[in-house]
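Enquirer: Between the sequences and the hints, there should be enough to build the whole structure, so can you do that?
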Amino acid sequence: DAMVIQNPRYQVTQFGKPVTLSCSQTLNHNVMYWYQQKSSQAPKLLFHYYDKDFNNEADTPDNFQSRRPNTSFCFLDIRSPGLGDAAMYLCATSRDSGAGANVLTFGAGSRLTVL
Amino acid sequence: GIQVEQSPPDLILQEGANSTLRCNFSDSVNNLQWFHQNPWGQLINLFYIPSGTKQNGRLSATTVATERYSLLYISSSQTTDSGVYFCAVATYNTDKLIFGTGTRLQVFP
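Sequence order for the protein chains is A and B. Residue numbers for the first sequence follow our numbering, beginning at 1 and rising by one. Residue numbers for the second sequence follow our numbering, beginning at 1001 and rising by one.
FYI, nobody ran anything at the bench for these hints, they're computed from the structure. Every residue gets a Cβ at the ideal spot worked out from N, C-alpha and C, and that includes glycine. One or more of the hints may lead you astray.
Stated by the list, open to error - Simulated pairs of lysine to any residue, SDA-like, Cα-Cα distance not exceeding 25 Å:
| id | chain 1 | residue 1 | chain 2 | residue 2 |
| --- | --- | --- | --- | --- |
| 1 | A | K44 | A | G100 |
| 2 | B | K1096 | A | D51 |
| 3 | B | K1054 | A | Y50 |
| 4 | A | K44 | B | F1108 |
| 5 | A | K38 | B | K1054 |
Claimed, not checked - Examples of chain B residues toward chain A, derived with CB under 10 Å:
| id | residue |
| --- | --- |
| 6 | L1013 |
| 7 | Q1033 |
| 8 | F1035 |
| 9 | Q1042 |
| 10 | I1044 |
| 11 | Y1048 |
| 12 | G1052 |
| 13 | V1084 |
Expert: Structure (structure tokens):
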């Protein structure tokens, strides 16, 4: 089945120790998104790739970076995690941009704990 | 920016009951989706419904775009319906989906 896979599902790191979360998709979708979701809050968009074009949200901290080496994979790098970065990180894809094509499919998420 | 409010914030039901969840938005939209987030955190896309009515089994959704609201109906609720329901919208000048505040549903046997 075509899907969006995130690894790891659970990540525990120490304050300041870099972390990389991965997302892969077999849907052949053009657009990949990273959302951050803190406890009891709605998902918040960090950035997205339209093909190789990177689009950063204005309020995404510099501590968060992303890479998309090919169509299928996208990575979220947190360079120096702080306690406030503990959250669920959700990867999503959509076939394309534009109203009818921008229908999101989410992965299961990666839950980050910072000690 | 566009504001997206959902009501009620919390809902507790007994199995078999029906419910209606509401999503109000403050601007015209060309994209509206409903999601269910299960207790393990996975977001499942339920409907893409910028206007009109759709049904999928026990779930149905209606969006009245001119009045800036959408409704999600759950009939004969089951314990597996528990979780958080989000609506998300995008306006004509951006593809960015903005999530609503969510409704937390608990269904008890």
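Enquirer: Each hint should be assessed against the structure and marked as holding or not.
Expert: Each hint tested on the structure:
no.: 1; hint: A:K44 - A:G100; verdict: holds, 21 Å
no.: 2; hint: B:K1096 - A:D51; verdict: holds, 16 Å
no.: 3; hint: B:K1054 - A:Y50; verdict: violated, 29 Å
no.: 4; hint: A:K44 - B:F1108; verdict: violated, 30 Å
no.: 5; hint: A:K38 - B:K1054; verdict: violated, 31 Å
no.: 6; hint: L1013; verdict: violated, 20 Å
no.: 7; hint: Q1033; verdict: holds, 7 Å
no.: 8; hint: F1035; verdict: holds, 8 Å
no.: 9; hint: Q1042; verdict: holds, 5 Å
no.: 10; hint: I1044; verdict: holds, 7 Å
no.: 11; hint: Y1048; verdict: holds, 5 Å
no.: 12; hint: G1052; verdict: violated, 13 Å
no.: 13; hint: V1084; verdict: holds, 9 Å
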